[in-house]
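*Asks:* Take these sequences, add in the hints, and give me the full structure.
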Amino acid sequence: MNQTDTIQYLDNKENKTWRFLISELKPKTKVFTAFNIITLPIILLGIALIVYRFMHGLEAVTNLSQDVPWGIWKAFNVVVGVAMAGGAYVLVFMTHVLHIKRYEPVLKIAVLNGLLAYVFYSAALVLELGRPLDIFNVIIGNDYGVSSILFLVAWHFMLYILCLFLEFSPSIAAWLNARKMHKFLTGITLVAVVFGITLSVLHQGGIGALFLLAKDKIHPLWYNNYMPLMFVIQSVFGGLSLVVVVVAISWKIFAFQLTEKMLKAKNDILVGLAGICSVGLFSYVFMHIIIFVHEKYFAYMGTGWGNWYLLEMIGLVILPMFLFMYSYKTKNAAMVIVSSVITLLGILVNRLNVSLIAYNIDAPVRYVPTWQELTVSLAIILIQIWVFRWIILRMPVLRNAPDWAKGH
Amino acid sequence: MEAFYYTNIFETKGIEYLVTVAFFLLLVPFWMILNKKSKISQKFHEALSVLSVKRLNIPSGVYHSPNHMWMYMFKSGKARFGLDELMLRITGLVSVEPIKHAGDDVEKGDLIAIIHQKEKQIKVFSPLSGSIRKFNSELQNDTSSMMEDTYGKGWMYEIKPKSWISETADCVIAEDAISWTSSELVRFKDFLMSSLWKNSASQMAQTLQDGGELREHLLTELPQEVWADFENEFLGRPFQKN
Amino acid sequence: MYLNRRTFFKAMGATAVALSVGKVSAASEAFSDNGTELNGMLYDMSRCVGCFGCEYDCAEAHEAEMPDIPRNPPPRKLDETCRTIVNKHETSIGMVAFKDQCRHCSEPACTAACLTMAMYKTKEGPVIWREDKCMGCRYCMIACPFDIPKFEYKSTNPKVVKCDMCVKRLVEDEIPACSYFCPEEALTYGKRSDLIKEARKRIIENPDTYIDYVYGEHEAGGTSWMYISPVPFEELGFNMKIQKKSYPGLTKGFISSIAPVDLLLPTFLLGVYQATKSTSTINEEDAI
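Line by line, the protein sequences give chains L, F and R. In case it helps, the numbering used here puts the first sequence at residues 1 to 408. In case it helps, the numbering used here puts the second sequence at residues 1 to 242. In case it helps, the numbering used here puts the third sequence at residues 1 to 288.
If you're looking for bench data, these hints aren't it; they were derived computationally from the structure. All the pointers check out, no bait thrown in.
Dumping the calculated DSSO-like pairs for lysine-lysine here, alpha-carbon to alpha-carbon at most 30 Å:
no., chain 1, residue 1, chain 2, residue 2
1, R, 277, F, 198
2, L, 215, R, 88
3, L, 264, R, 277
4, L, 183, F, 36
5, L, 215, R, 252
6, R, 277, L, 266
7, R, 245, L, 296
8, F, 120, F, 108
9, F, 198, F, 123
10, R, 277, L, 261
11, R, 244, L, 296
12, L, 215, R, 159
13, F, 36, F, 189
14, F, 36, L, 101
15, F, 78, F, 100
16, L, 215, R, 77
17, L, 215, R, 154
18, L, 296, R, 252
19, F, 100, F, 160
20, R, 168, R, 77
21, R, 197, R, 244
22, R, 241, L, 215
23, R, 277, F, 36
24, F, 75, F, 108
25, R, 277, F, 189
26, R, 241, L, 296
27, R, 244, L, 215
28, L, 183, L, 261
29, F, 162, F, 134
30, R, 244, R, 88
31, L, 215, R, 245
32, L, 329, L, 101
33, R, 277, L, 180
34, R, 277, L, 183
35, R, 241, R, 77
36, L, 180, F, 36
*Replies:* Structural data, given as structure tokens:
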């Protein structure tokens, strides 16, 4: 790889903080790549639509209706996105609590991904609020709706973002050459880890529990009492699947930042994650079988919804489980990536079913997202990728931390 | 359920959340108190300076006994012995309480002195048999000569040995002394680790395991329990007699 | 517009209101109160003639836009411009009118769902929406089994619109506008226990007129707004599958497990951390 390393660190001695930060704002790689050219217009359009939404209300840009009050900004960006950001807490658990050294190379990137995901999904959530400025009511106590699961989810979101930020902050400190800060932050990592995992488990379950109240309104095939638990399990293998995809892509694009050793370990890491995902999927499948029997789903087989359910279960859950097992045994990294993509699709479909597609199926007008909603949704993800790229090119996420930062 | 009055099934939820928050806030100090490093290891963690064989001056012609006493036979036939440098570098400054005095006959392995450091002590056993000629009276007031000139002015006892040759058979001299001291240093580290584990100073033991070097006069900062272990396990009773 | 008949029921209603007047819009009171009885409304569909008067009165009482009801209106749904809607249904015994609005459940799903307590169940019975707290998340809409709350999507400062049992009038010792102005006395306001007795009385005294069922007595754990009907409720579009237990009870299992997980999981994690720590050796060779 010929590309020179783009990481530079702030030289504290000369105290040129502002100049350093400004120089860091300049692009570090080619500006006019295909990716940039395609995504920039979408991002700009998305931002324009967001402004328009605030100027003219939700009706102007969305197809939200009285029958279907939550659209893709909540159902997709938040409910689906949160599952995919679960890789952060699983990897943190494995590396910090269980001390499994094997996955350390992908830890930082997963934490960064989780941090950005949660921040941007919170932004998408705020977008879909009718009165976003009143969101501070939950924080300041006007009033604390403690009986509400959404209250729990909101608070855990906020605290979890804090935890993720604390877990990622050593990299920021290394970038800014703040040695004392770095030492302090690594010292409190254990606190952030323990609380982060707890908060994460609870709000992943909480997202599922949100829909418990809508018992009559979600099709029985997707509504069951175990939704919180199922959502937690989904977040485990869904998060790891996204980590697989992110690692596969970013380790290719930013390969010049990686050491030889890391590149060699890539296969091993991906295959290891595949093993964990296959176990997760296996237990998930059997949980669904239990639910199938308990709720007597035989009655729905043969109907249109029943077929859709089977398609989701067999094609997007059982199939990737076998693919993960196969790729684990044959150590085939490409197959791991394929099964990860299918798994992510399965989680997307399942959660969209619960929150949108199988919700209020008797509504006279089915909800179909407008192009504006889709654009904004996509724009949010693209902005997230841009920020992700900006950080990787400047902070020690893939690249090793500077020598003074090691050994803490 | 009789729905004629206002009920709230979640009425205690607010308080439960407060209790949970209190738990989180208290968990951190609770955990820290539980794992608080004992005073031993705290002091240990301050700068480590190195005690290594290279810094010991081991003169030739001097015998070292297994219980870390040195012995030297003068041409006149009298011998002097004292604590060797490794021992003193480990214990730090000590005071000497003589048990046997001039004119006493001792056998190898008899208790002849006790060295003290504050409330800690270690028994010193004679490496030779013979009749005690002198006790170095200087040591009664000021034992610094033991530290500064261990093998010279730091002698402890002068003795007329009975059977020098046979009794120095289990001692080392010259290059052997150096390598023996080296291995004793390693043995000391191992001993220290096990003693620290036993006395709940696991943090320090962990540092040792990671390759920390020993500080000078280490035992000065360690409590009586470690001294007792040092006496019994590390030094042992090398001269097993009746 | 319509004759105001101050009848016996108005007096009874006013007495009930006088007893219940108080902190209708007060700060949240989270503890169960066994002193104040819940008030409710009984809607007797055998008496309702479908005059739509209550729709106009409701709009006037809330200073809202007057509904535009054509001569023979098609079936209409509740939306964000109205708090109540009356639909006439052709049934086996002829025309029966059905007035739909918030049911003011005893244990409302919307109140349990609202994370800022903007949806609030007052001690006296009405479930109200408080504008100063709402952030427009619309979770109440997802939660409501009757699909009642409506949202002003068109507005940049949207409100959630639903019947609030005229709390402004209740504070002033008046009964809700719809029952006050109803010419046929189809709407009766009073204590919920009294209303159920009254409903049962009417059913027993007139077994040919009424179906022997009070809708809302047990639905969703009991609602304050109850219906008695001359025809089977299914013919009028009532959802008979609403569960007889309260909806917030569905979340009780999860909410009860929050505290145990929050307390035990950190401890468990710390334990695992400690247990696996001592066996780990820091090996510089493995550092990548």
